[in-house]
Structures are given as structure tokens and as C-alpha cells.
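A.B. asks: In order, the protein sequence lines correspond to chains R and Z. Residue numbers for the first sequence follow numbering that gives the first Met the number 0, beginning at 0 and rising by one. Residue numbers for the second sequence follow numbering that gives the first Met the number 0, beginning at 0 and rising by one.
Just so you know, the hints here were simulated from the structure itself, not pulled from any lab data. Here the structure is a predicted model, which is why all the values come from computation and not from measurement. Careful: at least some of the hints might be erroneous.
[To be verified] Listed below are the simulated SDA-like cross-link pairs for lysine to any residue, each with C-alpha atoms no more than 20 Å apart in a straight line: (1) R:Lys5 with R:His125; (2) R:Lys5 with Z:Lys5; (3) R:Lys5 with Z:Gly65; (4) Z:Lys5 with R:Glu136; (5) R:Lys5 with R:Pro202; (6) Z:Lys5 with R:His68; (7) Z:Lys5 with R:Gly54; (8) Z:Lys5 with R:Gly52.
[Stated by the list, open to error] Some chain Z residues close to chain R (C-beta under 8 Å, calculated; not the full set): (9) Ala1; (10) Gly57; (11) Leu62; (12) Arg64; (13) Gly65; (14) Leu164.
Quick reminder that beta carbons are idealized off the backbone N, C-alpha and C, glycines included.
2 protein chains.
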Amino acid sequence: MAQLLKVQNFTVSADGYGAGEGQGLERPFGHAHPRDLMRWAMATASFPGPRSGEGTCGLDDHLVRGYAHGIGAEIMGRKQVRAAARTVDRPRVAGWWGDEPPFRTPVFVLTHHPRPSFTLGETTFHFVGGSPAEVAEQARAAAGGLDVRLGGGAHSIRAFLDAGLVDELHVAVAPLELGAGSRLWTAPEELDDRYHREVVPSPSGVVHHLLWRR
Amino acid sequence: MAQLLKVQNFTVSADGYGAGEGQGLERPFGHAHPRDLMRWAMATASFPGPRSGEGTCGLDDHLVRGYAHGIGAEIMGRKQVRAAARTVDRPRVAGWWGDEPPFRTPVFVLTHHPRPSFTLGETTFHFVGGSPAEVAEQARAAAGGLDVRLGGGAHSIRAFLDAGLVDELHVAVAPLELGAGSRLWTAPEELDDRYHREVVPSPSGVVHHLLWRR
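Okay, chain R solo, but in the shape it has when bound (with noise of 0.2 Å):
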């Protein structure tokens, strides 16, 4: 089987953002609430948490499940992971999950300002520049063969789509418009030239759509 490079459950407005405007630390998804975006998966059964193994196992579900299987490593930009290393010996890191990343595998930190790799519990991040076909290696190799996830944010996806880097996309388009924000696409229709795509609509009311390189 190939290595490949996928993202995996990343979720948009109608009108194509993947955050709102304003994000930080106290609002990962800017002017966006997480729960309207994040609402069909945090439903399922298989969302990570203290409620998991409760909830719906229907289609969403499904999805949901892939989430971790066979994933070595993840890319993410640097909004996704707020850093702030006060001194190279007590590096503090926080995300919205806390202190309990749910990734358990190299994370490769997309950022101009490299700092001092860290590991908090089975996660260890790492920042890294260069383009984005340069991470993609880093990462690969880090992977131990298993397939690479790009995490997100709308724009790092972005870049790595326009550098021809992504296999595979799940996005889940949420029932909502945003308006302004991190845009992953005006309308899903402009990747049709180079990906297959799959259009499957979700009793949750989110629809899916799957897409694998021509």
C-alpha cells in the first residue's frame, strides 16, 4: 500500500471556512462555536472524550472511527498548537485538548519561528519551516510507513493541496455559514479537476464529501 498524506475529518461552513475570524486560545474557531461546527462528530460514538463509546453509530460514526487507524504521524498549522515556550526548559504548550493530545504520534507544527521540540503525553510535537513538500517528507519518515494526516487549519490544507501533496480528503460541510474566516475552498466543485469526489449526505444534516486524486 502507498504512504499517504489525508485529511480526515475536517469540517467547514456552507460557504467553505474552517474557522471564523478572531481565533486564540479561547476560541480555536474564532467567531465560529466549536460545537456548531464539530456538533455531527461530537454526537458519535466513537468521539474522543469522556462520552465516548456513547452516542450515535450511524454513518457519522463511521467516519469518526477511521480518525486514528493507521495514521503515523500529522501535520497541523501553527493555530492548531498555541506554543508558548517561555523558557526552553519549561516549554508550555496548550490546545483545545488540552493536556491530553488525542494524536499519539510525531505532530509536525507548520511555523516561521522553529522552537524546541516537546512531548506531552503520547504526543510529541515538533516545529518545523520549509514548504510544504519539504514537511510532507519529514513527516513521511517519521511515519513508519503508516499514512500521513494533515490536520488542518483551511489554510495550511490549502498549501498543501496547491502544491499537488493531498491523496485523500474527508470534509464534512456543516449546515452553517461563517461568512469570513480560514477558507478551505468557495465551493468544494473547484478540486473536481484533480480529485474524485463523493457527495454523501448525513442524517446529522452535515454533508460529506470524500475525495481521492484522479
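Using the hints provided, position chain Z relative to the given structure of chain R.
C.D. replies: Just chain Z now, with coordinates in the frame of chain R:
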């Protein structure tokens, strides 16, 4: 997470048959052609076999991917495995999968004629009598905390359903009629008193039914 007993990727005709009449080693689906029933799964990139990695990566593929994830033991009916134990020293087995069964877990084969267990590749087959509840208990104990898959056929699934032992089912309904054979249901609505059910049509022509306990 609770330990679940699941049916995954089980395919039936539009009239509810999992196999046609006259099942045998040469015709594991009886008068039905395996390619007609299983075309949706065989066209996916994740279907195990020599062409694995080629094929579609849409909805059907996302469902096929989950097949082996988190499964610690399998239960199947005797028609799923054809064992001709000519001598105890040289047990022979043949199934549609040839010499490399894709299960890679303990497999519990339902039969009234117990025979010695044997191992083929990474799979060990045990031949067990007893009630569905007793067999489910054996399989759970062997699954190392992981879930148990009930592989089929239709009669076996029905027996476990009737005993209230199945937590979750994914059944793909193929767009053809068989008229006779081993039947799972007259119509999926039969189970609506006991299960939530999502109906998800695939672009391939099959309709996925995803059921979980109420």
C-alpha cells in the same frame, strides 16, 4: 468502551438473501455470483487482495476500511468454512479465501460436529457447538478486550439477532434479487423496534444500512 458484537460489510440482495441456493465449496454464494453481491466492496481500494490499494476511496471504501479495525475474534457459520479433516494429523480446510484467511484472529465456527482446532496463516479456527449466547461468550473471552465480529452467513446472523446478542450491524443491500437461499430479513424494517437504523445510498448502487441498539 464496551466490548461489542458486530456485523460488518455483510451483503444481502434487495430481497434479503445473503447467499443463494445450493451453496458449496465451488459456489460459496449458491446460485448467486459473488461478484454480483460483492462488487461494491471489491471495487474499493481497501478490499483485501492482490489489487489492494487500487480502486475507489469513497463511501464504500470508508466502510470497508473499518473491517479489521478493533476486532479480536470472529464467529461464523459452518458453511463459511469448509473443513475436510481427513485425519486429525492432517486437517484440511478450504474456504473462499484460499490458504490465507483474512481474519487473523481466533475464529469460532458454529457446528454440531466439533472437530480439532487448526491454524492457517495467522488465523486459528475453533469448531464449537452450544447456543449463540455460549459461543458469543467464548468469542468475547478470546478477543482480548476487542470487539467480536459475526461474519455470517445470514442464518447465523439471524440466530444471534433473535437471541438479542448483536450490538451493531452494517448490512449492504445490493441492487439484485435472488428469490431463494439463506435469508437475513424480509425487510430491514423488521428490526426497527430494537435498532436505530440509518439508510445511506452509495453511488455504487448498494444501499448501506447502519444499525445499532436502541
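A.B. asks: Min Cβ distance, Leu164 of chain Z to chain R: is it shorter than 8 Å?
C.D. replies: At 16 Å from the nearest chain R Cβ, Leu164 of chain Z fails the 8 Å test, so the hint is violated.
A.B. asks: Between the alpha carbons of Lys5 of chain Z and Gly54 of chain R, is the straight-line distance 20 Å or under?
C.D. replies: With Cα atoms ~16 Å apart, Lys5 of chain Z and Gly54 of chain R stay inside 20 Å; holds.
A.B. asks: Are the Cα atoms of Lys5 of chain R and Lys5 of chain Z separated by 20 Å or less?
C.D. replies: 27 Å, violated
A.B. asks: With the threshold set at 20 Å, check whether the alpha-carbon distance from Lys5 of chain R to His125 of chain R stays at or below it.
C.D. replies: 19 Å, holds
A.B. asks: Is the interface hint satisfied for Arg64 of chain Z? The criterion is a beta-carbon contact with chain R at less than 8 Å.
C.D. replies: Result: holds, 6 Å to nearest chain R Cβ.
A.B. asks: Between the alpha carbons of Lys5 of chain Z and His68 of chain R, is the straight-line distance 20 Å or under?
C.D. replies: Holds - the C-alpha atoms of His68 of chain R and Lys5 of chain Z are around 18 Å apart, at most 20 Å.
A.B. asks: For Lys5 of chain Z and Glu136 of chain R, compute the direct alpha-carbon distance and say whether it is at most 20 Å.
C.D. replies: Outside the cut-off at roughly 38 Å; violated.
A.B. asks: Using 8 Å as the Cβ threshold, decide whether Ala1 of chain Z counts as touching chain R.
C.D. replies: 6 Å, holds
A.B. asks: Is the Cα-Cα distance between Lys5 of chain R and Gly65 of chain Z 20 Å or less?
C.D. replies: 16 Å, holds
A.B. asks: Run the distance test for Lys5 of chain Z versus Gly52 of chain R: straight-line Cα separation, threshold 20 Å.
C.D. replies: 14 Å, holds
A.B. asks: Double-check Gly65 of chain Z for me: the hint is only fine if its C-beta lies closer than 8 Å to a C-beta in chain R.
C.D. replies: Since chain R brings a Cβ to about 6 Å from Gly65 of chain Z, closer than 8 Å, the hint holds.
A.B. asks: With a cut-off of 8 Å, does the beta carbon of Leu62 of chain Z approach a beta carbon of chain R closely enough for the hint to hold?
C.D. replies: Holds, about 6 Å.
Of the hints listed earlier, those the structure fails to meet are numbers 2, 4, 5, 14, in rising order.
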